[in-house]
Amino acid sequence: MAFVAIVLFLILFLAFLRTYLYVKLRRSVARRAVPRNDNCVEPPHYLHQDLKLGHDLIDLAKQAFKENRYLEFTQDLHSQYGRTFKTIYEGKVILKTSDPEISKAVYATHFENFGMQPIRYEGGRGFFGDGIVVTDGAQWKRSRTLLVPIFKIAHIVNFDRLHRHVGIFMDLLPQDGSTINLMHLLKRLTLDLSSEFIFGKAMGALASPESCKGFIDAFLNAQRGVPVSSLRDKKWQESCDTVTKYIDDRVEEVIQRVSSKKSVAGDTVMDKHIRLIDELARETQDRFELRYLALGVFNPSHDTVAAVLGNLFFHLARHPHCLQTCILPVGGGPDGKSPLLVEKGTWIETNFRLAQRDKAFWGEDAEVFRPERWETVRPMWEFTPFLGGPRICPALKLVYTECQYIAVAILRKFEGSENRDPVVEWVEERRLLYRSKNGAVVGLIT
Numbered sequence: 001m002a003f004v005a006i007v008l009f010l011i012l013f014l015a016f017l018r019t020y021l022y023v024k025l026r027r028s029v030a031r032r033a034v035p036r037n038d039n040c041v042e043p044p045h046y047l048h049q050d051l052k053l054g055h056d057l058i059d060l061a062k063q064a065f066k067e068n069r070y071l072e073f074t075q076d077l078h079s080q081y082g083r084t085f086k087t088i089y090e091g092k093v094i095l096k097t098s099d100p101e102i103s104k105a106v107y108a109t110h111f112e113n114f115g116m117q118p119i120r121y122e123g124g125r126g127f128f129g130d131g132i133v134v135t136d137g138a139q140w141k142r143s144r145t146l147l148v149p150i151f152k153i154a155h156i157v158n159f160d161r162l163h164r165h166v167g168i169f170m171d172l173l174p175q176d177g178s179t180i181n182l183m184h185l186l187k188r189l190t191l192d193l194s195s196e197f198i199f200g201k202a203m204g205a206l207a208s209p210e211s212c213k214g215f216i217d218a219f220l221n222a223q224r225g226v227p228v229s230s231l232r233d234k235k236w237q238e239s240c241d242t243v244t245k246y247i248d249d250r251v252e253e254v255i256q257r258v259s260s261k262k263s264v265a266g267d268t269v270m271d272k273h274i275r276l277i278d279e280l281a282r283e284t285q286d287r288f289e290l291r292y293l294a295l296g297v298f299n300p301s302h303d304t305v306a307a308v309l310g311n312l313f314f315h316l317a318r319h320p321h322c323l324q325t326c327i328l329p330v331g332g333g334p335d336g337k338s339p340l341l342v343e344k345g346t347w348i349e350t351n352f353r354l355a356q357r358d359k360a361f362w363g364e365d366a367e368v369f370r371p372e373r374w375e376t377v378r379p380m381w382e383f384t385p386f387l388g389g390p391r392i393c394p395a396l397k398l399v400y401t402e403c404q405y406i407a408v409a410i411l412r413k414f415e416g417s418e419n420r421d422p423v424v425e426w427v428e429e430r431r432l433l434y435r436s437k438n439g440a441v442v443g444l445i446t
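First residue of the sequence shown: 1, per my numbering; consecutive thereafter.
To be clear, the hints were calculated from the coordinates, so they are not data collected in a lab.
Any given hint might turn out to be false.
[As the list claims (entries may be wrong)] Derived lysine-lysine pairs resembling DSBU-like cross-links, with alpha carbons at most 30 angstroms apart: (1) Lys152 <-> Lys141; (2) Lys104 <-> Lys397; (3) Lys104 <-> Lys152; (4) Lys213 <-> Lys66; (5) Lys104 <-> Lys86; (6) Lys213 <-> Lys234; (7) Lys397 <-> Lys86; (8) Lys201 <-> Lys245; (9) Lys234 <-> Lys245; (10) Lys62 <-> Lys213; (11) Lys201 <-> Lys152; (12) Lys413 <-> Lys437; (13) Lys66 <-> Lys437; (14) Lys413 <-> Lys141; (15) Lys413 <-> Lys104; (16) Lys213 <-> Lys437; (17) Lys141 <-> Lys245; (18) Lys152 <-> Lys245; (19) Lys104 <-> Lys92; (20) Lys344 <-> Lys62; (21) Lys359 <-> Lys62; (22) Lys66 <-> Lys86; (23) Lys235 <-> Lys201; (24) Lys141 <-> Lys397; (25) Lys52 <-> Lys337; (26) Lys66 <-> Lys359; (27) Lys397 <-> Lys437; (28) Lys359 <-> Lys397; (29) Lys359 <-> Lys104; (30) Lys213 <-> Lys235; (31) Lys62 <-> Lys86; (32) Lys245 <-> Lys213; (33) Lys52 <-> Lys344; (34) Lys397 <-> Lys201; (35) Lys235 <-> Lys245; (36) Lys337 <-> Lys86; (37) Lys62 <-> Lys104; (38) Lys62 <-> Lys52.
Based on the sequences and whatever the hints tell you, model everything.
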């Protein structure tokens, strides 16, 4: 028995050694292909216990997710290993970075050398198809070409719709200072705004939140299964079918409108009741393309503004002095410096949150909610909430407009807000964006 055990051990050891030497040889060949004068230097490596698959770090990350402290977990990793370091994820090399210069290289100056599709397509195609969310190259360029012209003017022609829905939202806010979780109403407002802009028909979340609960539950479940293969079960497929059925019905409606010319012959993109799906249908009537274009826009737009404003009012309720210091009384409404070799197939994880908390740029109080800092800072790639380069979010101006309009509407009507949440700390909740898990439980003071 002892002899058999020794033989098995030697076989396993030789198999491991063969794999290890092959990987080292492949990397060595790749490095020799790079001009010597590039002076590339390896970044720090995470000290894995599982050198092959990296499951030790994966398990720690899963635990952090469960405990709603993943953002803190990643911050601790970068504090230990620096702005840029390498890890292993299921056998793949991952380059984790919060360095704005690397973000600029990946998303702008060396854009053509990097892509999303190898990472996103396999898990995402079951829900997003060949849409802009999961593709690169010609397909991504076509989707973006169809979308960008609409968003260039959407923030300008948006006010009629915005004014109407914000008016309904404001009427739902309590006037007596009673406690309210503002996040819940903000989510309903954002859902109505985005659904009317994209499909031409609001879901009615402000008037009757139960009317669209089934759709939203299905959408969130479909989202969760995109990055996690174990969640792509029968229930996940049913959720995807529920979402696509709703969108396909809207697609059929718009194709009938455009085909029968009921869109009005003189109707242009400057119509104050702009519908994104109508503008897209003027360029293509491919039903699958329209479905995935609409889905690709709805994916971020139904929740982004609510998350931003929920986080804003979460902090304002805990820092009431900011309303006094930030509103004018008059006048208007290892060193990480060496070149870095990135081998083909390496995944790059850009951590924008840490770049936005870099004390070297933002100051020693980078972790403190202090909006006054914007009077002096002029960030470039240190602050990229909408990415940058060719992949910059086309809806940037629309999102800024909606956030500003809604925030100002609330602040004009109420003098301030009080925190009514016994949990003072901000607790993360991961959706498409990270937002306050407990919402924004406040009392609005008139």
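Each hint tested on the structure:
{"no.": "1", "hint": "Lys152 <-> Lys141", "result": "holds (16 angstroms)"}
{"no.": "2", "hint": "Lys104 <-> Lys397", "result": "holds (21 angstroms)"}
{"no.": "3", "hint": "Lys104 <-> Lys152", "result": "holds (23 angstroms)"}
{"no.": "4", "hint": "Lys213 <-> Lys66", "result": "holds (24 angstroms)"}
{"no.": "5", "hint": "Lys104 <-> Lys86", "result": "holds (19 angstroms)"}
{"no.": "6", "hint": "Lys213 <-> Lys234", "result": "holds (20 angstroms)"}
{"no.": "7", "hint": "Lys397 <-> Lys86", "result": "violated (35 angstroms)"}
{"no.": "8", "hint": "Lys201 <-> Lys245", "result": "holds (15 angstroms)"}
{"no.": "9", "hint": "Lys234 <-> Lys245", "result": "holds (16 angstroms)"}
{"no.": "10", "hint": "Lys62 <-> Lys213", "result": "holds (28 angstroms)"}
{"no.": "11", "hint": "Lys201 <-> Lys152", "result": "holds (21 angstroms)"}
{"no.": "12", "hint": "Lys413 <-> Lys437", "result": "holds (26 angstroms)"}
{"no.": "13", "hint": "Lys66 <-> Lys437", "result": "holds (12 angstroms)"}
{"no.": "14", "hint": "Lys413 <-> Lys141", "result": "violated (43 angstroms)"}
{"no.": "15", "hint": "Lys413 <-> Lys104", "result": "violated (41 angstroms)"}
{"no.": "16", "hint": "Lys213 <-> Lys437", "result": "holds (19 angstroms)"}
{"no.": "17", "hint": "Lys141 <-> Lys245", "result": "holds (26 angstroms)"}
{"no.": "18", "hint": "Lys152 <-> Lys245", "result": "holds (29 angstroms)"}
{"no.": "19", "hint": "Lys104 <-> Lys92", "result": "holds (23 angstroms)"}
{"no.": "20", "hint": "Lys344 <-> Lys62", "result": "holds (27 angstroms)"}
{"no.": "21", "hint": "Lys359 <-> Lys62", "result": "holds (28 angstroms)"}
{"no.": "22", "hint": "Lys66 <-> Lys86", "result": "holds (24 angstroms)"}
{"no.": "23", "hint": "Lys235 <-> Lys201", "result": "holds (27 angstroms)"}
{"no.": "24", "hint": "Lys141 <-> Lys397", "result": "holds (20 angstroms)"}
{"no.": "25", "hint": "Lys52 <-> Lys337", "result": "holds (28 angstroms)"}
{"no.": "26", "hint": "Lys66 <-> Lys359", "result": "holds (28 angstroms)"}
{"no.": "27", "hint": "Lys397 <-> Lys437", "result": "holds (27 angstroms)"}
{"no.": "28", "hint": "Lys359 <-> Lys397", "result": "holds (28 angstroms)"}
{"no.": "29", "hint": "Lys359 <-> Lys104", "result": "holds (19 angstroms)"}
{"no.": "30", "hint": "Lys213 <-> Lys235", "result": "holds (16 angstroms)"}
{"no.": "31", "hint": "Lys62 <-> Lys86", "result": "holds (18 angstroms)"}
{"no.": "32", "hint": "Lys245 <-> Lys213", "result": "holds (15 angstroms)"}
{"no.": "33", "hint": "Lys52 <-> Lys344", "result": "holds (19 angstroms)"}
{"no.": "34", "hint": "Lys397 <-> Lys201", "result": "holds (22 angstroms)"}
{"no.": "35", "hint": "Lys235 <-> Lys245", "result": "holds (15 angstroms)"}
{"no.": "36", "hint": "Lys337 <-> Lys86", "result": "holds (16 angstroms)"}
{"no.": "37", "hint": "Lys62 <-> Lys104", "result": "holds (29 angstroms)"}
{"no.": "38", "hint": "Lys62 <-> Lys52", "result": "holds (18 angstroms)"}
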